[in-house]
Amino acid sequence: MATAVKPSVSAPDSPSLSLWQRIRDLWRNYTIRTLLQGLLTIFAVTTFTFFLVRQMPGDPVQIKIDQLMNTQNLTFEQARSIATGIFLYDPDATALEQYFTYMTQLLQGNLGQSIVSAGTPVSSQILRYLPWTLFSVGLALTVSFTLGILIGLAMGYWRGSWFDNLMTVFASTVSGIPDYIIALLFILILGVQFKLFNVGEFRGGVDHTITVAFSLEYIASLLKYAFFPVLIYVLSTIGTWILAMKSSTISTLGEDYITVAQARGLSETRILTAYIGRNAMLPLVTRLAISIGFVVGGSIIIEEIFQYPGLGRALLRAINGRDYTTMQGIFLVITSTVVFSNIFADLALGFLDPRVRLGKEGKNS
Amino acid sequence: MIGLSTVASTEGLIIGILCGLVPLLAGIYYRQWQAGIGGFIACVMSGFACGFLGGIPMILLTYAVLISKVYVNRQDPFTSLASLDEVNFEETQNELFMRRMANLGNTIRSGTSALIRNKAGFLGFLGIMFFVIVTVFGPLFIEYEGTARLDRRQPGARSLLAPPSYEHPLGLDWQGRDVLSHMVHGGQKLIVTSILAGLFATVIAVVVGSLAALLGGIVDQIFSAIANFILTVPTFRLLLVLATIVKFDSNLALALLFGVLNWPTLMRAIRAQVLSLRERDYVEVAFALDLGLWHVITREVLPNMISYIAVNFIFTIRVAMYSIVGLVFLGLVPLQEPDWGVMIFLGRQQGVLFNPTASGMLLSPIVAIALFQLSLVMFTRSLEEVFNPRLRSGL
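Protein chains in written order, with this note's numbering: chain A, 1 to 365; chain B, 1 to 395.
With the rest of the complex left out, here is chain A (with noise of 0.2 Å):
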């Protein structure tokens, strides 16, 4: 992509810089660099959907007329000016036209209306499912971060006791399953074979027999419909966090500044949070900067097995009825969120870490 930037063709003596110079320099700058390269992928991956769902198969209106059709017993005719008339859409005008007619609504912030469920406005839609996806993969994120750091630090340190061979047999146990098989073992073993649960009651999102309110009762009915969204969640995430963060307290462990610390009679304690286990998460803080990325996407899998009413299902069933807009909206706010936490990530780094941040600077001045 640097490839746009032409060497400055304007003559050296002239008084202001050039538009070139102008757009080099900002070039250089790496924050704004990588802002720009986030943006321009947005706008293909925005673009390539658009063009992409408008391949599959039936369109909405297509597929409504054959409900019509099937269901109310009317003529192709009919079906077709009814079904017309429900949707915001129409099939006669071209992909281009939708195009640009639906690019300059996305650069008034306007993600369109959805085509399926007339009158509702993409965003509400999105808005509507993504708290949900936000709070259980979030928590679960959270949880597995920080189990994973405790675990692998544990084992780092007490390299080859039981506690480490132990959490070695099953972290790679747990992150070698795909997390749907967990779910569903889970359900068919603990919940259908000895009935530690019943696996319908954990069904939807929340008891909606409780009003919405910062009550404690809300507050609990929420984590228990999510707890074994989040229990997958974790237990298919978290083996990854503990191997990394033991090898990376290995690691950490033979650089000098330890021995130092403990030549001058610090306490293990201290040695083990602020010396061992700052500079071993250094790596992981990347990870998770980049993992925040996936959080808005949840599992599709797992929201279906649990019924659970996140973004995940919401693109599942946009994609079923050929709802176009909100797939495109879904897909945007999926790809953005990755974009944006892949560059919080390097910018995270760059500032927790100073030898990152000089050599940039170094590389780029």
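The set of hints was computed from the structure by calculation and includes no laboratory data. For each residue, glycine too, the CB sits at the ideal point set by N, CA and C. Any given hint might turn out to be false.
[Claimed, not checked] Some chain A residues judged to face chain B by a derived CB distance under 7 Å, without partners named:
1) Ser172
2) Ile177
3) Gln193
4) Gly297
5) Ile319
Given the coordinates of chain A, assemble chain B onto it according to the supplied hints.
Using the frame of chain A, we list chain B on its own:
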């Protein structure tokens, strides 16, 4: 895919025995009983499983192992007892062939011993072999039940579902069909598709990654931009959309598509590796000696990356299996029985999930997929030892 999905057959057994005669006779000739008989068994098994495709490569491998046990390099001044003046350094075609075979055999032997030495890795290898053997040889003994078996209805029962019994060790499914027969017949396609998908992704990543690093400039920038683009798109979600556009009735198409979507991570790692390897002294020496690009790639650069590539290949197989079963689970690909994923889908659709007597139908594919994935994870430990000469001790 003809040739890639395979079922053991009688013709295969004959081919296997014929192929096995080569190492067996060679073993008798060289008085290497153990290697000869071992080679015979290996050839019979692989010929039985895959016909000529399995038998002929196995002849090469077992013969190489055999040769490596008896071969003495007479040109090598360290093993030769003759004085240096008497050694003839001219090599005939035949001697060259024997030396190459012995080298290959030594590599295989040290690789195998590295494979066995790591306990966890070997366990993973055995796990993978178990599934391969069951899905390849199982169909010989267990007949596939594709149609509903209403005659198996028990008096007073509400459905045809049945818990495990002596005749049907894994129980009956919702149409009264034997679950074991579906397990045996339905795994191979999934495993082969996942491996193919992993293979495509790895090949694309290796080719594109090394091209980008070696050519640099505009090629590098274009490929890196594409890689960044694909990394940003949520892959599984994209696969969901694509599944409605492309009809995934051939597993080759699914594997290819998966490969196209999953090469960027490995490609970026390989690009970085090649870039750093290019600066190493031994690579510069090889260039300076005018050994040619092909030699540099195969002898200097690839051996340093092969361990990483192999581990990543296994990882991609796992992700591919995850995605393929996930697509079936959500009902977005045409259902083709028998298949483990389809078993899970239909089991859920038929309400088997909440029926404690009928868990066999759902538990079997779930446990099989979990075990296969675990075996793959454990197998990577061995792969690291096999391909990394620093971890592998010589014979």
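Going through the hints against the structure:
{"no.": "1", "hint": "Ser172", "verdict": "holds, 6 Å"}
{"no.": "2", "hint": "Ile177", "verdict": "holds, 5 Å"}
{"no.": "3", "hint": "Gln193", "verdict": "holds, 6 Å"}
{"no.": "4", "hint": "Gly297", "verdict": "holds, 5 Å"}
{"no.": "5", "hint": "Ile319", "verdict": "holds, 6 Å"}
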